[in-house]
Amino acid sequence: MDFSDEFATIPTRYAFDDDSDQEDIDQAVDKLDLETFKVDFNNFDTASINTVIFGVYGPGDVFLRAVYEGQSVVGTIYAKTKLLASMHTSPSAGNVISVVSEDVLPEDAINGFAHAMLSKLPNANLRVIVLDSYYESGYIASDLSEQYTEPTLKCLRTSVEKKASQSPTSIDSLPAPNLSKGIAAAILTYCEIHQLPGLALFSPQPASLGKNLITEATIDYYEEALGKIGVDHLRSDQEKVRRAIQSRKYGKDSGKIDADHHRMYI
Amino acid sequence: MNTFVPAQGFDPELLKGSTLIIPTVSIANVPQLTIDLYVNSLKLERIGFMDDASVMPVAGIFEFAPEKGILVAYEVYQSEDRKFTFVQQRTPILKGKRQSLLANLESFISIYDFSRILIITSTDASRRVDIQMTGVPFRLLASPESSVGKRASEINLPAYEKLPEEEHQLPHHPESEAEKDIPYLHGSGVARKLYGRLVSKYDVSMLIMFALEGDNIQDSVEYAKCIDAVLGVVDTGRAADFKWEYPASWDWVFGAPLNPALYD
Numbered sequence: 001m002d003f004s005d006e007f008a009t010i011p012t013r014y015a016f017d018d019d020s021d022q023e024d025i026d027q028a029v030d031k032l033d034l035e036t037f038k039v040d041f042n043n044f045d046t047a048s049i050n051t052v053i054f055g056v057y058g059p060g061d062v063f064l065r066a067v068y069e070g071q072s073v074v075g076t077i078y079a080k081t082k083l084l085a086s087m088h089t090s091p092s093a094g095n096v097i098s099v100v101s102e103d104v105l106p107e108d109a110i111n112g113f114a115h116a117m118l119s120k121l122p123n124a125n126l127r128v129i130v131l132d133s134y135y136e137s138g139y140i141a142s143d144l145s146e147q148y149t150e151p152t153l154k155c156l157r158t159s160v161e162k163k164a165s166q167s168p169t170s171i172d173s174l175p176a177p178n179l180s181k182g183i184a185a186a187i188l189t190y191c192e193i194h195q196l197p198g199l200a201l202f203s204p205q206p207a208s209l210g211k212n213l214i215t216e217a218t219i220d221y222y223e224e225a226l227g228k229i230g231v232d233h234l235r236s237d238q239e240k241v242r243r244a245i246q247s248r249k250y251g252k253d254s255g256k257i258d259a260d261h262h263r264m265y266i
Numbered sequence: 001m002n003t004f005v006p007a008q009g010f011d012p013e014l015l016k017g018s019t020l021i022i023p024t025v026s027i028a029n030v031p032q033l034t035i036d037l038y039v040n041s042l043k044l045e046r047i048g049f050m051d052d053a054s055v056m057p058v059a060g061i062f063e064f065a066p067e068k069g070i071l072v073a074y075e076v077y078q079s080e081d082r083k084f085t086f087v088q089q090r091t092p093i094l095k096g097k098r099q100s101l102l103a104n105l106e107s108f109i110s111i112y113d114f115s116r117i118l119i120i121t122s123t124d125a126s127r128r129v130d131i132q133m134t135g136v137p138f139r140l141l142a143s144p145e146s147s148v149g150k151r152a153s154e155i156n157l158p159a160y161e162k163l164p165e166e167e168h169q170l171p172h173h174p175e176s177e178a179e180k181d182i183p184y185l186h187g188s189g190v191a192r193k194l195y196g197r198l199v200s201k202y203d204v205s206m207l208i209m210f211a212l213e214g215d216n217i218q219d220s221v222e223y224a225k226c227i228d229a230v231l232g233v234v235d236t237g238r239a240a241d242f243k244w245e246y247p248a249s250w251d252w253v254f255g256a257p258l259n260p261a262l263y264d
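Protein chains in written order, with UniProt numbering: chain E, 1 to 266; chain R, 1 to 264.
In short, the hints are calculated from the structure, not lab data.
In this text the structure is predicted, and so the values were computed from the model without any measurement.
We treat Cβ as the ideally placed atom computed from N, Cα and C, and that holds for glycine.
Incorrect hints may appear among the rest.
[To be verified] In silico DSS-like links for lysine-lysine, alpha-carbon gap of 27 Å or less:
no.: 1; chain 1: E; residue 1: Lys228; chain 2: E; residue 2: Lys240
no.: 2; chain 1: R; residue 1: Lys95; chain 2: E; residue 2: Lys80
no.: 3; chain 1: R; residue 1: Lys95; chain 2: E; residue 2: Lys181
no.: 4; chain 1: R; residue 1: Lys83; chain 2: E; residue 2: Lys38
no.: 5; chain 1: E; residue 1: Lys211; chain 2: E; residue 2: Lys163
no.: 6; chain 1: R; residue 1: Lys162; chain 2: E; residue 2: Lys181
no.: 7; chain 1: E; residue 1: Lys163; chain 2: R; residue 2: Lys95
[What the hints assert, rightly or not] Label pairs and their in silico Cβ distance ranges:
no.: 8; chain 1: E; residue 1: Ser72; chain 2: R; residue 2: Tyr263; range: 54 to 60 Å
no.: 9; chain 1: R; residue 1: Lys225; chain 2: E; residue 2: Lys249; range: 53 to 59 Å
no.: 10; chain 1: R; residue 1: Gln8; chain 2: E; residue 2: Gly138; range: 45 to 51 Å
no.: 11; chain 1: E; residue 1: Ser72; chain 2: R; residue 2: Gln218; range: 56 to 62 Å
no.: 12; chain 1: R; residue 1: Glu213; chain 2: E; residue 2: Ser142; range: 54 to 60 Å
no.: 13; chain 1: R; residue 1: Glu213; chain 2: E; residue 2: Ala141; range: 34 to 40 Å
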């Protein structure tokens, strides 16, 4: 258990009482509505973009940072003055844009962020790929050995993506009752509702001492899976991945543990 | 704002005249379990989504029909005969967004001209008083003249008792006139607010179940049976061999099976 976590929710028996939320008593105003997010493509031709790859903060953003290390940014997404994501592209695949998360998005910003980002991309057949992860410690499978059987990377595909000819059938779906949450779920929801081909790849994150880790193996799964779905140009190497992991600040979502992790007595 | 987005190929005109069943996220999540029980047992068609930023997003495999992509947090289903429309909300409302969700839901209701509305909710069973301890754990809030109210009388479904609330149990914020006549239902989420918004404008009823947190699968079956007794959702033609089918995901609702290696 990470003791830096605040208590996530009030006790369940009171969580459904309708007088516990002061903000609802006044007229609720969307604090983070679409206008709050500034999506800037720096004169990039958005009509030419046919694929967007979103790296969720965690293994997803580490992989993309390793791929685009040293390359310039072609776009940004800000919420007021806070940088939420940066965008990159490759000369060999100019119609593919990669969005790298800069931080964990607040829960109430997730839906607005997904809308703001995807509504700016006019291609009606835009393909959306999300790089996310699942925690091995929280994974539920009827057969315990299943999660340790290669391949362990899982995916979720929207109905339009499933019908597409290049959609992979060799990547296992994330089985029920496991669910995707956060920004990955918001993006997939947007795609399903707006009939876009959407695909999320979930790489397993092992845990140690109660902390979910980002390892080189976690990252390797992405490259292999992207190759299966026709995205061949994203290549990283182990050195770049190590640098991307090491550059992350220690903390709850860092994906790494330091020497003092869980030390109770000095 | 109407947030309903019809599924590809669905004509929203088919919503007109149907009975709308709306669950609220409430204690033990029994209403939501009940809706999924209906979806799986009757193979309800997903006819659309509520594209509402007020709920937490979630996505998973569409276990009712895996070839159909993913399920999301806020969906709309309909029975084959088009008589019953079910909203399913799988996640809580985001902080500060309740009014927004209620307004969007009311807008959806006003546009599509449903014949009647049934809100299904649950309330904390530990807050029951003596007279509520025996008998069925269901109560109804409805006008006696409504179709649901009349049916409830026929099957002896009790009305929710009007009890004097203790001072510390009363909500400490201003209420609308409509809400003041509605009993306070602990743990029922936005049910009371939603009912208060709709009661003066539509044929709306609220079915309440007393529930406690725990293994609520059987509660959902009982709730589905109660709804059926009131509305007759299950086609009587197949009632003889009909049985409730649990979604496969309910097998592991309390987590993965134990790893026997722990005990080696």
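Results of checking the hints against the structure:
1. E:Lys228 to E:Lys240: holds, 22 Å
2. R:Lys95 to E:Lys80: Status holds; Cα separation ~20 Å.
3. R:Lys95 to E:Lys181: Satisfied, since the Cα-Cα distance of roughly 16 Å is no more than 27 Å.
4. R:Lys83 to E:Lys38: Cα-Cα ~44 Å, so violated.
5. E:Lys211 to E:Lys163: Given that 27 Å is the threshold and the Cα spacing comes to 38 Å, the pair is violated.
6. R:Lys162 to E:Lys181: violated, 40 Å
7. E:Lys163 to R:Lys95: violated, 36 Å
8. E:Ser72 to R:Tyr263: 54 to 60 Å: holds, 56 Å
9. R:Lys225 to E:Lys249: 53 to 59 Å: holds, 54 Å
10. R:Gln8 to E:Gly138: 45 to 51 Å: violated, 33 Å
11. E:Ser72 to R:Gln218: 56 to 62 Å: For glutamine 218 of chain R against serine 72 of chain E, whose Cβ atoms are near 60 Å apart, the range 56 to 62 Å holds.
12. R:Glu213 to E:Ser142: 54 to 60 Å: violated, 24 Å
13. R:Glu213 to E:Ala141: 34 to 40 Å: violated, 25 Å
Comparing the model with each numbered hint stated earlier shows that hints 4, 5, 6, 7, 10, 12, 13 do not hold.
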